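Next come the chains, spelled out residue by residue.
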Amino acid sequence: MTEKLIIIGNGMAPGRMLEYLLEKAAGRYEITIFNAEPRVNYDRIMLSPVLSGEKDYEQIIIHGDGWYIKNGITLYKGHKVVAIDRAAKTVTSDKGVTAAYDKLVIATGSVPFILPVPGNTLPGVLSYRDLDDVQAMLLAAQSRSKAVVIGGGLLGLEAAAGLKERGMDVTVLHLMPTLMERQLDPAAGYMLQQELESRGIKVITKASTKCILGARKVEGVELDDGRIIPATLVVMAAGIKPNAWIAKEAGIATNRGILVDDRMQTSDPDIMSLGECAEVGGHVYGLVAPLYEMARIAAAKLAGEQGPGFVHNDTPTKLKVTGIDVFSLGDFADGEDRQEIVLRDAAAGVYKRLVLKENRIVGTVLYGETADGAWFNDLKKKAIDISDMRETLIFGQAYQGGAPLDPTAAVAALPDDAEICGCNGVCKGKIVSTINDKGLTSLDDVRAHTKASASCGSCTGLVEQVMKFTLGDAYNPIAVQPMCACTTLGHDDVRRLIKAKGLKSIYAVMQELEWKTSCGCAKCRPALNYYLICDWPGEYADDYQSRFINERVHANIQKDGTYSVVPRMWGGVTNARELRAIADVVDKFQIPAVKVTGGQRIDMLGVRKEDLPSVWADLGKAGFVSGHAYAKGLRTVKTCVGSEWCRFGTQDSTGLGIRIEKFMWGSWTPAKVKMAVSGCPRNCAEATCKDVGVICVDSGYEIHFAGAAGLDIKGTEVLGLVKTEDDALEAVVALTQMYREQARYLERIYKWAKRVGIDEIRRQILDDPERRRSYFDRFVHSQKFAQVDPWSERVSGLHKHEFRPLATVGLPQAAE
Amino acid sequence: MQWIAIGQLSDIPQRGARCIKTPHGKVAVFRTGDDRVFAIEDHCPHRGGPLSQGIVHGASVTCPLHNWVISLETGKAQGADEGAVRTIPLKTEGGTIYIASSAAVEAA
Ligand SMILES: Cc1cc2nc3c(=O)[nH]c(=O)nc-3n(C[C@H](O)[C@H](O)[C@H](O)COP(=O)(O)OP(=O)(O)OC[C@H]3O[C@@H](n4cnc5c(N)ncnc54)[C@H](O)[C@@H]3O)c2cc1C
Ligand code: SF4
Ligand code: SF4
Ligand code: FES
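These protein sequence lines map, in sequence, to chains A and B.
Following this note's numbering, the numbering of the first sequence begins with -17 at its first residue and continues without gaps.
Following this note's numbering, the numbering of the second sequence begins with -5 at its first residue and continues without gaps.
Each hint should be verified, as a subset may be incorrect.
Computed list of lysine-lysine pairs in DSS-like fashion (alpha-carbon distance at most 25 Å, straight line) [said to hold, decoys possible]:
| hint | chain 1 | residue 1 | chain 2 | residue 2 |
| --- | --- | --- | --- | --- |
| 1 | B | Lys15 | B | Lys85 |
| 2 | A | Lys541 | B | Lys15 |
| 3 | A | Lys541 | B | Lys20 |
| 4 | A | Lys505 | B | Lys70 |
| 5 | B | Lys70 | A | Lys782 |
| 6 | B | Lys20 | B | Lys70 |
| 7 | A | Lys782 | B | Lys15 |
| 8 | A | Lys230 | A | Lys77 |
| 9 | A | Lys541 | A | Lys420 |
| 10 | A | Lys654 | A | Lys481 |
| 11 | B | Lys70 | A | Lys541 |
| 12 | A | Lys230 | A | Lys283 |
| 13 | A | Lys577 | A | Lys541 |
| 14 | A | Lys59 | A | Lys128 |
| 15 | B | Lys70 | A | Lys498 |
| 16 | A | Lys450 | A | Lys696 |
| 17 | A | Lys433 | A | Lys420 |
| 18 | A | Lys577 | A | Lys644 |
| 19 | A | Lys570 | B | Lys15 |
| 20 | A | Lys230 | A | Lys188 |
| 21 | A | Lys(-14) | A | Lys52 |
| 22 | A | Lys62 | A | Lys77 |
| 23 | A | Lys71 | A | Lys188 |
| 24 | A | Lys128 | A | Lys184 |
Partial selection, computed: residues in chain A whose CB lies under 7 Å from chain B [said to hold, decoys possible]:
| hint | residue |
| --- | --- |
| 25 | Ser500 |
| 26 | Cys501 |
| 27 | Gly502 |
| 28 | Cys503 |
| 29 | Ala504 |
| 30 | Ile539 |
| 31 | Gly543 |
| 32 | Gly602 |
| 33 | Pro787 |
| 34 | Leu788 |
| 35 | Thr790 |
| 36 | Val791 |
Listed next, with one range per pair, are the computed distances between beta-carbon atoms [to be verified]:
| hint | chain 1 | residue 1 | chain 2 | residue 2 | range |
| --- | --- | --- | --- | --- | --- |
| 37 | B | Lys85 | A | Tyr526 | 22 to 30 Å |
| 38 | B | Gln72 | A | Tyr489 | 39 to 47 Å |
| 39 | A | Tyr526 | B | Ala(-1) | 24 to 32 Å |
| 40 | A | Leu120 | B | Gln72 | 51 to 59 Å |
Simulated from the structure, these hints should not be mistaken for lab results.
Owing to the predicted nature of the structure, the values given are computational and were not obtained by experimental measurement.
Each residue gets a CB set at the ideal place from its N, CA and C atoms; glycine is no exception.
Chain A extracted, bound-state conformation (with noise of 0.2 Å):
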C-alpha cells in the first residue's frame, strides 16, 4: 500500500530530497507538495545571476512541470499551509485545500529578518528571499534611481552588486565595522569594501538605521547619527530567520528552528523537517550545503534505510558577485593558542590568511585568489598536520616542491576525497568515477549524475578542470572527439578498454569496441597496433600492415619515394672506424647526399628501397643498428663531452647518455622521444628543450621534461634532481614508461603532461618510489621484446616482399 507523504515547502531542500527518495524508493509513497510560492522547483542560490542580468529564470528551475507530472506527484503551487492538524493527521492551504498525510516534511525555510524600525512596510521596502522580490527590484531598476541595502553581508553585497550592474545608485549600509564581518576578517573586509566602492557602490559601515523615511512609498533612510540616504528602492538582508511558526503552531517542539534529531525527526514521530528551518545539534544552516546533507538522510529515512546521520561541518563561504573572488571557511578569530600565516600582494589585490592550531588550519579567508579554497578546505577537514609544507603553505598546493602550475595539473594533483564541489559536498573522486563510469563527456552529464557544481555553479570551473584532467584533450565543452570515423570512442576510452576487456589484438579491439568499418583507416591502425603493443608487451604480435611505411621498412620516406638512413650512433660519438664503414656506403650505393642530424647522427639520404636490406647489411657489418630516426620511438639521446673532457663538466654525460640509450633503444612509444644529457647547466646538448633532458650539477642529476622544439617551442619542466646516475636512469626510464601507457598515440609528451599534470607525474615518478619501480619493471619486460635489431632481421630476409618489386613486366613480348 503506498503511504501519503506531504510536503510544506518545495524549496531546494526538499527538491533534493525528492531525488533522492524517487532513487531509492520510486512509487512508495503518494506525494504532495504545498508550496507558497506559485512556482516550481529553482535554484535560489542563483537568485543573484538573475538580479545582475547574468542569467535567466529559465535557466535556474531545477524541476519543471513536467518533472512533476513525470513522478506523479502533485504539487499546489501558490498554497500557504496554514494549519497542521496532528490528531487528525492533515494540512490545511490558505486556499482551502486540506490534505491527509501518513508522513509530513516540514521544508519551510527561513523567512528574511525585517528591521523593527518605522515605515518598514513602505511600498519600495523589499527582503531578498525569492523571485518575487527579484522581480520587484528589476521593476525598480528601471528607473536608474537610488537604492539603499541594509546589510553588508552575502545577501545585501549580491543585491547590491545585482543593483548596481542594473544601473541604480547603490548605498551599502552596514552596521559593523567591516562588510561580511562573519566570514571575512577585517583585512579582508577592507579589501572588499575598497573593490565595492571602486565599482561605485557607496558603502557607509558602522551605520545604524534609525527608520525608513517616506509618506506613501520609500523616500530615503534616515541613522541613528542624522544622516539621511535618499532611496526610492530599500532592500533588507539583515539576515534570515528559521520559519518555524507553522510547527511551533502545531506543538512540536521548536526553539531557534523546528527541533529534528540527527535524522531529521520532530518530536512528532510521523513529522520530519529539513533545510533552513530545522534545527539540529544546537546548529541552523544558511547555506545549502548542510541542507542536502539533510536532504540525503532524510530520504533515506524515508525511504526506511538506516543510514549514518547527520553531523556538523564547516562550510566554505563564496560570494557570487563576478570578478571579486572571496574564499572564507571555519573560525578565524586571533586567540592565544593560535598562529596565523597572512600573504598580501597590494598590487595584484590580494590578501590570504590561514589560522592554525596546534599545526593544522582551522580557518581561511582568501582575497583575490581563492583558487586554492578547496585543498586549504581538505587540509582543513583532514586535520592534516601542515609543519613540514608550513615555509610555503600559504603560497598554495602547487608551491608544494615546485613551480607553478597550470590550473588542470592543481586540480589533478588535489587526493581524491578533496571535495570540489561545496553545495553538494561532491569530491574529486566521485566526479572522476563518475565520469569514467558513465562515460560522461559534457559538464551537464557531471552535473545529472553526481550534482558537482549544480547549485551555486562557483566550482564549475574546477569541475570542468576535473573533467579536462579526467577527459585529457579530449575534453571539450562539447564531447570527446573520436579516435576517427570509424568508432565513437575517444583515444582514451579504447586504451582503458583494450586494457579492462583484455583485447589482445586489433581484430578483437574492433570486434569488441563495434567499430564502424572492417579493418578500420590509417588512423586508427597505427594507433592500436601501438596501443597493443605498449600493453601486452611479448603477448601481442605486432602488426606491420597497421604501421606507416617508415616503420614498416625501417627508413624514412622521403619526397621522390627514396629513403634515409640513420644508423644508430651511441650517445651521439663515433670513430674512425664507422665512418670509414659509412663512406664505404656511400661509394657502393652511390648515396646521393650525406648530412649531419639535429640529433648527432649521419643521415644518408635518397637510398632506393630496392638497396635497403644491402645497405644495412653493410652498416651491419660495421657493427651499426638502425638507428630508429623514422620511429615513434627512442629516437636519440644527444649529449655533451661532460666532466670527460670539458672544464665546466659536473658529471660523465656521455657515459650516461650512452647508458640511456642502450638501456631504452627499440621502444615504441606515442610520439618520438628525443633526449639529451649536458655535463653542466651551461647544457651545450640542449637538454632543455627535449622530451627528456638531464642536466648533470655537482649534488646530482636534474631531471628535465616536456620540451618541444618543432612546431611547438617550450622549455622543459624539471621533475626533479636525483642523486647518482643509476636513479637518473631509472627516473628516465619510469617516466618514459608513463608516458608510454598513457600517452594517445602521436602525443608528444609534452602534450601529454600537459594533460595529465606535471604535479601529478612528479607525484608518480619522483615522490612514489614503488610506483617508479614498477613503471621501471615494466618498461624492463617489454624492452626483452622489442629490443631487436629490426635491420639485422631484414637483412637475413625477414619482409622481404617489402623491398623487391612483385614482377617486372618488359616492353616487346608484353605489347599486343
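Guided by the hints, dock chain B with the ligands onto chain A, whose structure is given.
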C-alpha cells in the same frame, strides 16, 4: 585481351601491396583484408606519393605522404580531395594474379 601472370596471391601480405615495374612506371598491386586484389598506378594524384607504401584499409589505401585516401576500386580520391589514378584490369586464377598487358604497358 592478353593477360600476363605477375605472381601469386600469397606473395602479397593481406592489407598490403607490392609493386610491378613497367616501362612506363610502377603499378601497385593491393591485396585487401578479404583477399580481393586491385592494381592501380603507384602514383598519388596529389603529389605523386608511392601508394603501394600506404596503409590499406577496406578497399582503400591512404597515401604515405599526405594521407589522401584513394579508392582501390575506382582509383578516385575519397572525401574532400579530388583526383584519380588509373586502375588496371586484373584477374586471379588458381592463386595466380594476371594483369592486362595493354594496361600494364600504358600505365603511366
Ligand atoms: C539571494 C540568495 C543567494 C544565496 N546564495 C547562496 C549561496 O551562494 N550558497 C549557498 O549555499 N546558499 C545560498 N543561499 C541560501 C540558500 O538558497 C538556502 O539555504 C536554501 O535555498 C534553503 O533551502 P530550503 O529548502 O531550506 O528553503 P527555501 O529554498 O527557502 O524554500 C522554502 C520554501 O517553502 C515555502 N514555504 C514557506 N512557508 C510555507 C508554508 N507555510 N506553506 C507552504 N510553503 C511554504 C517558501 O515559499 C519557499 O518556497 C542564498 C539564498 C538567497 C536568497
Ligand atoms: S654542457 Fe657543460 S659540461 Fe657539457 S660541454 Fe657544455 S659546458 Fe661542458
Ligand atoms: S624541418 Fe620540415 S622540411 Fe626540414 S626536414 Fe623537417 S619536416 Fe622536412
Ligand atoms: S602525395 Fe599522396 S597525399 Fe600527397
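- [ ] May I ask which of the numbered hints given earlier this structure violates, with the numbers listed in increasing order?
- [x] 5, 9, 14, 20, 23, 32, 38
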